[in-house]
Amino acid sequence: GAGVSQSPRYKVAKRGQDVALRCDPISGHVSLFWYQQALGQGPEFLTYFQNEAQLDKSGLPSDRFFAERPEGSVSTLKIQRTQQEDSAVYLCASSSSLAGGIGTDTQYFGPGTRLTVL
Amino acid sequence: AQSVAQPEDQVNVAEGNPLTVKCTYSVSGNPYLFWYVQYPNRGLQFLLKYITGDNLVKGSYGFEAEFNKSQTSFHLKKPSALVSDSALYFCAVRDINDYKLSFGAGTTVTVRA
Numbered sequence: 017g018a019g020v021s022q023s024p025r026y027k028v029a030k031r032g033q034d035v036a037l038r039c040d041p042i043s044g045h046v047s048l049f050w051y052q053q054a055l056g057q058g059p060e061f062l063t064y065f066q067n068e069a070q071l072d073k074s075g076l077p078s079d080r081f082f083a084e085r086p087e088g089s090v091s092t093l094k095i096q097r098t099q100q101e102d103s104a105v106y107l108c109a110s111s112s113s114l115a116g117g118i119g120t121d122t123q124y125f126g127p128g129t130r131l132t133v134l
Numbered sequence: 589a590q591s592v593a594q595p596e597d598q599v600n601v602a603e604g605n606p607l608t609v610k611c612t613y614s615v616s617g618n619p620y621l622f623w624y625v626q627y628p629n630r631g632l633q634f635l636l637k638y639i640t641g642d643n644l645v646k647g648s649y650g651f652e653a654e655f656n657k658s659q660t661s662f663h664l665k666k667p668s669a670l671v672s673d674s675a676l677y678f679c680a681v682r683d684i685n686d687y688k689l690s691f692g693a694g695t696t697v698t699v700r701a
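For the protein sequence lines, the chains are A and B, in the order given.
For the first sequence, our numbering assigns the number 134 to the last residue and increments by one with no breaks.
For the second sequence, our numbering assigns the number 701 to the last residue and increments by one with no breaks.
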């Protein structure tokens, strides 16, 4: 497709379950970002990949959160032992900035995965 | 550190009237500024951005925004609002030496027919 896609769109988990959220960025986009959007708030940065390298994971709220992008395209955000406070919309974004450059590129967002932890 | 403030939670206007959504920002260096719109159960859709150059930036769907360095503002405007413009609008900023976006809390725009 032409845009960023995410799956599943909705996920309900029982507290303590592990979940995996998938992001397919725009083809050829080097940079990939994950953001967390709590209800009624703006998105907050979680982590950043440039190709397969995770250059920044400073926004991950705890060591229960893990992200990977092993082949430099699709990315997975995994949350272990989910807690109620993990309930949020998880947004993925990609941009075409070149490796090593910050650039002026726009980040294009996917539709998000709404995670509800019961 | 970088941050964005959107002082209005809600903006209500009549169709055909001008629409303004306010945004102020704080960055340590020079800013890159963005506006996104979010419709229910949809992701963020890019509207426009300011990088450098003209302070008045034109974007999608008839929206424009004016960068004001002295007031550290980047207000979104549309001369004549449509009912279909009703949505949640986010302003975002990043320092030119950074890559992560910082978002405001969002402004809900309601355009009544």
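No lab work stands behind these hints: they were computed from the structure.
Worth double-checking, as some hints may not be accurate.
[Stated by the list, open to error] Below, in silico cross-link-like pairs of lysine to any residue (SDA-like), each with a Cα-Cα straight-line distance of 25 Å or less:
1. A/LYS73 x B/LYS688
2. B/LYS665 x A/THR122
3. B/LYS688 x A/ASP121
4. B/LYS688 x A/ASN67
5. B/LYS688 x A/ARG38
6. B/LYS610 x A/GLN57
7. B/LYS637 x A/LYS30
8. B/LYS657 x A/THR122
9. B/LYS610 x A/ALA54
10. A/LYS94 x B/ARG630
11. B/LYS688 x A/ALA69
12. A/LYS94 x A/ASN67
13. B/LYS688 x A/PRO127
14. B/LYS646 x A/SER113
15. B/LYS637 x A/SER112
16. B/LYS688 x A/VAL28
17. B/LYS610 x A/GLU60
18. A/LYS30 x B/LYS688
19. B/LYS646 x A/GLU68
20. B/LYS688 x A/HIS45
[What the hints assert, rightly or not] DEER-style ranges, computed between Cβ atoms:
21. A/GLY88 x B/SER648: 35 to 45 Å
22. B/ALA602 x A/GLU68: 46 to 56 Å
23. B/ILE684 x A/GLY88: 33 to 43 Å
[Said to hold, decoys possible] Here chain B is said to cover these stretches of chain A; the calculated rule only asks that three of the stretch's residues, wherever they fall, bring their Cβ under 8 Å from a Cβ of chain B:
24. 50-58
25. 80-92
26. 123-129
All residues carry an ideal CB built from backbone N, CA and C; glycine is no exception.
Going through the hints against the structure:
1. A/LYS73 x B/LYS688: Holds - the C-alpha atoms of B/LYS688 and A/LYS73 are around 11 Å apart, at most 25 Å.
2. B/LYS665 x A/THR122: It holds: about 20 Å lies between the C-alpha atoms, which stays within 25 Å.
3. B/LYS688 x A/ASP121: Holds: B/LYS688 and A/ASP121 sit about 11 Å apart, inside 25 Å.
4. B/LYS688 x A/ASN67: holds (16 Å)
5. B/LYS688 x A/ARG38: With a Cα-Cα distance of about 20 Å, the restraint between B/LYS688 and A/ARG38 holds, given a limit of 25 Å.
6. B/LYS610 x A/GLN57: It holds: about 16 Å lies between the C-alpha atoms, which stays within 25 Å.
7. B/LYS637 x A/LYS30: At roughly 40 Å apart (the allowed maximum being 25 Å), A/LYS30 and B/LYS637 break the hint.
8. B/LYS657 x A/THR122: It holds: about 21 Å lies between the C-alpha atoms, which stays within 25 Å.
9. B/LYS610 x A/ALA54: holds (22 Å)
10. A/LYS94 x B/ARG630: Judged against 25 Å, a Cα distance of about 22 Å means the pair holds.
11. B/LYS688 x A/ALA69: holds (16 Å)
12. A/LYS94 x A/ASN67: holds (18 Å)
13. B/LYS688 x A/PRO127: holds (19 Å)
14. B/LYS646 x A/SER113: holds (22 Å)
15. B/LYS637 x A/SER112: holds (16 Å)
16. B/LYS688 x A/VAL28: violated (28 Å)
17. B/LYS610 x A/GLU60: holds (20 Å)
18. A/LYS30 x B/LYS688: Answer violated: A/LYS30 to B/LYS688 is near 31 Å, above 25 Å.
19. B/LYS646 x A/GLU68: violated (35 Å)
20. B/LYS688 x A/HIS45: holds (16 Å)
21. A/GLY88 x B/SER648: 35 to 45 Å: Violated - the Cβ-Cβ distance for A/GLY88 and B/SER648, about 29 Å, lies outside 35 to 45 Å.
22. B/ALA602 x A/GLU68: 46 to 56 Å: Given a distance of about 51 Å, which is inside 46 to 56 Å, the answer is holds.
23. B/ILE684 x A/GLY88: 33 to 43 Å: violated (25 Å)
24. 50-58: holds (count 4)
25. 80-92: violated (count 0)
26. 123-129: As far as the segment 123-129 of chain A goes, the hint holds, because 6 residues have Cβ atoms under 8 Å from chain B.
Checked against the numbered hints given earlier, the structure breaks hints 7, 16, 18, 19, 21, 23, 25 and satisfies all the rest.
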